[in-house]
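In case it helps, the numbering used here puts the sequence shown at residues 1 to 277.
Simulated from the structure, these hints should not be mistaken for lab results.
Glycine is no exception: its CB is placed at the ideal position from the N, C-alpha and C atoms.
Be aware that a few hints might be false.
Label pairs and their in silico Cβ distance ranges [as the list claims (entries may be wrong)]:
1. 112 <-> 142: 33 to 41 Å
2. 54 <-> 99: 35 to 43 Å
3. 203 <-> 56: 35 to 43 Å
4. 98 <-> 250: 15 to 23 Å
5. 77 <-> 102: 37 to 45 Å
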Amino acid sequence: MRRWRNACFYLGAAGVLVGAGASLAVWSAGAVLLAVSAVGHGLFRRARVRTQAGLEPRAVAVPVAGRWRAMNSPADRVPSHGVHTCAQTYAVDVVHEPEDGARRPGFGWWPLMRRPEEFPAFGVPVRASAEGVVVRVSDGQRDHLSRSSWPVLPYLFAEGLVRQALGGRFLVGNHVVVDLGDGVYALAAHLRRGSAAVAVGDRVGVGDVLGRCGNSGNSSEPHVHFQLMTGPDFRHAFGHPFAWTYRAGGEARTGVPAGGELFTASGPHGVAEHTSG
């Protein structure tokens, strides 16, 4: 459904734009295709919601160590990133806020862009959140400059639309997908170019290094995007809820940190303890 819906959208948009200055028939055909796309989007969204409604959160480990800040969290809203596409329904982003005095550059007016090496998250190991088998590895996209200033924000939005039109892999950037069993898959995205430490077919354990945090794909700054999903291909899978064990506010918690919340992950291999749900 998703493929023909997208085809209708792009053909319809082209028809409306071209037909507006040339042909009423072309414009009308474009408008019809856009309407079909909108209906398809509604049906697709309802199908996703129905599929995800009965899923119980899967307990997995935090894929990073140290102190981090959650962003775009499912603890605040679902879908957490505003869309269900690419199985992002329950995804979370985390940025590194180390306790050793290293400062994470803030969002402001200047400089317009920064090199990814200026962010403490860049190059930090990203680890397996549970035992499983690696089923997908993408490692060739470049780590671009940050989009962490107000003047560049419109460019980030426009760039995101272009990446979405080009395909999901340009959104998630370099990534690793691990089959956790029982129809659940874990995705770690926006990894550093050339940092993949695993290959398709490798069996990994909790805490094994998958790669390193980067700034590839649709990313405003180096961070880790994590999600569980119901299939190995994020373009066609549904999102799956998950729960971490972490520390925040001086106490142990289970769930997902809220947006803006500082949390610390520790335990075997530098990740939070994996608990069965």
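Broken hints, by number: As far as the earlier hints go, 1, 3, 5 are violated by this structure, in ascending order.
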